[in-house]
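Trainee: Chain by chain, the residues:
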Amino acid sequence: MKRTTITYGLAASALVIVAAWAALAASLIPLWAAETAMVIAFPVLVLFLGLWWRAPGGEEDIPFIGY
Amino acid sequence: MPDIGGDPLFVLEFGDILHYYTPYTITLFLLALIFTGLAIASRPERQIDIAFGGDAYYAKETTVSEMRFRRFMAIACGLATLGAMGSGDLFNFTLFVSLVGIANIGIVAAVKNRHVLDAAYEYGIVAMVATLPLFGGAALVVATTGTLAIPALAAGGFAVPLVAKAFLALGVIGEGMAPFYAAKAEMFRAPGAPYVIMCSLSSLLIFLRVVEIVITI
Amino acid sequence: MLIITRISRVLSNFQNLVALFAGACIIVSLIGILSLPLAFEENQLYPKTRLDPTSGLYPYDRGGVPFGTTEVICQYPENSPYAGYVTTYLTPLSLFLAENTLYIGTTIVAHPGGIIDEILYNTRGADTVVETSILFTAFAIASYLYRREEE
Amino acid sequence: MIEYLVFAAAFGLLLLGLHRKVIARVQLRPGPPVWQEILHALKFSFKSTWVPKTASATLYVGVVLIGIGIWSAALFVVLAGESILILFAIYMLHKIVEHGFGLSSGSPYGKFGGVRSVISAASEIPLFVTIAAIYFFTDSLLLRDIVAYQAVHGPLLLIAPPAAIAMYIVILSKLPYGPFSIVESKELVSGYKTEHFGVWRAGISVIDGTKTFVLLFAFVAIFIGAMPFWAALVIMTIVLVSLSFVCAVTPMLSPFDSVTVQGIVTLLMVGYAAVLWWVMP
Numbered sequence: 036m037k038r039t040t041i042t043y044g045l046a047a048s049a050l051v052i053v054a055a056w057a058a059l060a061a062s063l064i065p066l067w068a069a070e071t072a073m074v075i076a077f078p079v080l081v082l083f084l085g086l087w088w089r090a091p092g093g094e095e096d097i098p099f100i101g102y
Numbered sequence: 292m293p294d295i296g297g298d299p300l301f302v303l304e305f306g307d308i309l310h311y312y313t314p315y316t317i318t319l320f321l322l323a324l325i326f327t328g329l330a331i332a333s334r335p336e337r338q339i340d341i342a343f344g345g346d347a348y349y350a351k352e353t354t355v356s357e358m359r360f361r362r363f364m365a366i367a368c369g370l371a372t373l374g375a376m377g378s379g380d381l382f383n384f385t386l387f388v389s390l391v392g393i394a395n396i397g398i399v400a401a402v403k404n405r406h407v408l409d410a411a412y413e414y415g416i417v418a419m420v421a422t423l424p425l426f427g428g429a430a431l432v433v434a435t436t437g438t439l440a441i442p443a444l445a446a447g448g449f450a451v452p453l454v455a456k457a458f459l460a461l462g463v464i465g466e467g468m469a470p471f472y473a474a475k476a477e478m479f480r481a482p483g484a485p486y487v488i489m490c491s492l493s494s495l496l497i498f499l500r501v502v503e504i505v506i507t508i
Numbered sequence: 011m012l013i014i015t016r017i018s019r020v021l022s023n024f025q026n027l028v029a030l031f032a033g034a035c036i037i038v039s040l041i042g043i044l045s046l047p048l049a050f051e052e053n054q055l056y057p058k059t060r061l062d063p064t065s066g067l068y069p070y071d072r073g074g075v076p077f078g079t080t081e082v083i084c085q086y087p088e089n090s091p092y093a094g095y096v097t098t099y100l101t102p103l104s105l106f107l108a109e110n111t112l113y114i115g116t117t118i119v120a121h122p123g124g125i126i127d128e129i130l131y132n133t134r135g136a137d138t139v140v141e142t143s144i145l146f147t148a149f150a151i152a153s154y155l156y157r158r159e160e161e
Numbered sequence: 007m008i009e010y011l012v013f014a015a016a017f018g019l020l021l022l023g024l025h026r027k028v029i030a031r032v033q034l035r036p037g038p039p040v041w042q043e044i045l046h047a048l049k050f051s052f053k054s055t056w057v058p059k060t061a062s063a064t065l066y067v068g069v070v071l072i073g074i075g076i077w078s079a080a081l082f083v084v085l086a087g088e089s090i091l092i093l094f095a096i097y098m099l100h101k102i103v104e105h106g107f108g109l110s111s112g113s114p115y116g117k118f119g120g121v122r123s124v125i126s127a128a129s130e131i132p133l134f135v136t137i138a139a140i141y142f143f144t145d146s147l148l149l150r151d152i153v154a155y156q157a158v159h160g161p162l163l164l165i166a167p168p169a170a171i172a173m174y175i176v177i178l179s180k181l182p183y184g185p186f187s188i189v190e191s192k193e194l195v196s197g198y199k200t201e202h203f204g205v206w207r208a209g210i211s212v213i214d215g216t217k218t219f220v221l222l223f224a225f226v227a228i229f230i231g232a233m234p235f236w237a238a239l240v241i242m243t244i245v246l247v248s249l250s251f252v253c254a255v256t257p258m259l260s261p262f263d264s265v266t267v268q269g270i271v272t273l274l275m276v277g278y279a280a281v282l283w284w285v286m287p
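Protein chains in written order, with my numbering: chain C, 36 to 102; chain B, 292 to 508; chain S, 11 to 161; chain H, 7 to 287.
No lab work stands behind these hints, which were simulated from the structure alone.
Think of the CB as a built atom: it goes at the ideal place given N, C-alpha and C, for glycine as much as any other residue.
One thing to keep in mind: the hints can contain errors.
Claimed, not checked - Here are the simulated lysine-lysine pairs, DSS-like style, with alpha carbons at most 25 Å apart:
#1 H/Lys49 with H/Lys59
#2 H/Lys59 with B/Lys403
#3 B/Lys456 with B/Lys403
#4 H/Lys59 with B/Lys351
#5 H/Lys59 with H/Lys180
Stated by the list, open to error - If the Cβ cut is set under 10 Å, some of the chain B residues that face chain S in the computed set are:
#6 Pro299
#7 Leu300
#8 Glu304
#9 Phe320
#10 Leu324
#11 Gly328
#12 Ala332
#13 Arg362
#14 Ala367
#15 Ile396
#16 Ala410
#17 Glu413
#18 Thr435
#19 Leu453
#20 Ala455
Throw the hints in and build the complete structure from the sequences for me.
Mentor: Set out below in structure tokens:
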């Protein structure tokens, strides 16, 4: 994936989490809505954070088939 | 309304049948939906096999016609699971469960592999036989209580016989092949990942749902 | 050899699958037989008392006036206000057959306006849809396997 | 919210590190440092990452997201005191995530891991008997009701010890190096995890950490009851150390034997539930 796509993905997921957290703190949305947003955004954040740290991917290759 | 899965969030009125969703069933429903979406969106994997006695390997390709058929069956299986998750009627539930059983056979029936087909054949026999306890359980419930609606049964006042519950659970076990794992493990040798996963997903989900039903009614 | 290993050897062979399931069915059925008699609940969808072997509509005659209304016990009457009407849904031709012959009961599902289908559609909607889906899926599998033979 | 998730993942990984350490010490080895699993997660997230050529790419990536998602949801369910049925449904569906990991890559090792995960799916049934046994006492499956019941009647651990043992075995089967951990035994390289490297593996670490935390936390809440958070953490650690002792001194069973043993446990639990059903009013 391109570097910019990854940055956008990371930013979007972080934004969703911060927004959900802030909206909950201001009691704009109920708890379950904030939790749903977290459940969706957190996995994305984890993966994109890793990809963002080390964005350049390698070539495709065949799986490990033994020593 | 049954409350062991949490308070119902949403009730869909469908003639004389209610579909209802508690936090529990809606979790199951969403997961079935996600995996059905994955089965639609993913290309099948290409399984790597090692040639015996050497270091050569080859990748098994899934042909397009086979892929189309298995995808169709996987989607049918997903839809049946979705139906079984929300159904508030015992007879509808049993129907959806038997549809799951048949679609499961369809998913592996297209594979050209003797071991897989042997296992699928045994599984198919059990899935057919299992409709007897399944519908028998629903019939016993309606004969002894006069209603099939799960919310009505859950409200209490009905004595659902233990054997009806046991029949229902046994039927679902047979359709989903839950504890009789041997055939399912063989079936999972079939290449083409997202489709075989639907077999296991649907059987786990219907099993989870029947646990809720049996405790509730 | 440990007893556990023996059990797992039997369980792991999928040729024994049908036997195992049959065994489970027998055990549960025995429990069922031991728990007999079970009480029968009379208060069901159709009244069982009005069965009349001399009727032309036998065994589908559940009472009620054609083109009129009849009582059907619904779980949720507020959701299906027209449920009672369809028990007596007969085309004029069917009505004529029912009044003059004894055969309508045997053909009732196969002709337009068959009572049973109509009752099912109106009172227990999703049943009929799912039943046909099961048949359709089974046919789809069979036809795919048949056509693959020809390739 | 997010801080709970991060804490749960980190503390769960710490518990897993402790698990390895205790096993090593029981077996008279030095063992890795306690924070090894956290280092693992960080290390994998810095590795270069791609998708294998033979993989079903959407599924390959999708299961990582789903895995993290379901355990985050499970954490919220436990914290909110919702129905434990949801928790156990997620626990069962973790099997599907395992299948997804194993089968999506096309690798034979992953495949074997996935097939073993299918085999061991049969062994999750003690859970439901546990649920039924709990239901006989509390008449509700909402976690807050169970906790409230224990505040009045004392911990369920003492009231229904067989149910606690069944859930203990279920947690045991999810820990690495246990007698029932057939899905990732070493003859399969890393089982279903074999082909998920780099960031995907870091995702698996997050799943494992959250999973360990949630299961132990739920065990404490269901069988011991309400207590301050720090006390819950201490008891979770104690439970984990006891699990590590079991893992350290038992060999891994062969796949089918593992399922048979758990099946026998299920039968015993069914007997227990039947007795309860007979005795309870």
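Trainee: Which numbered hints does this structure break?
Mentor: Those not satisfied are hints 3, 5, 6, 7, 9, 10, 11, 12 and 13.
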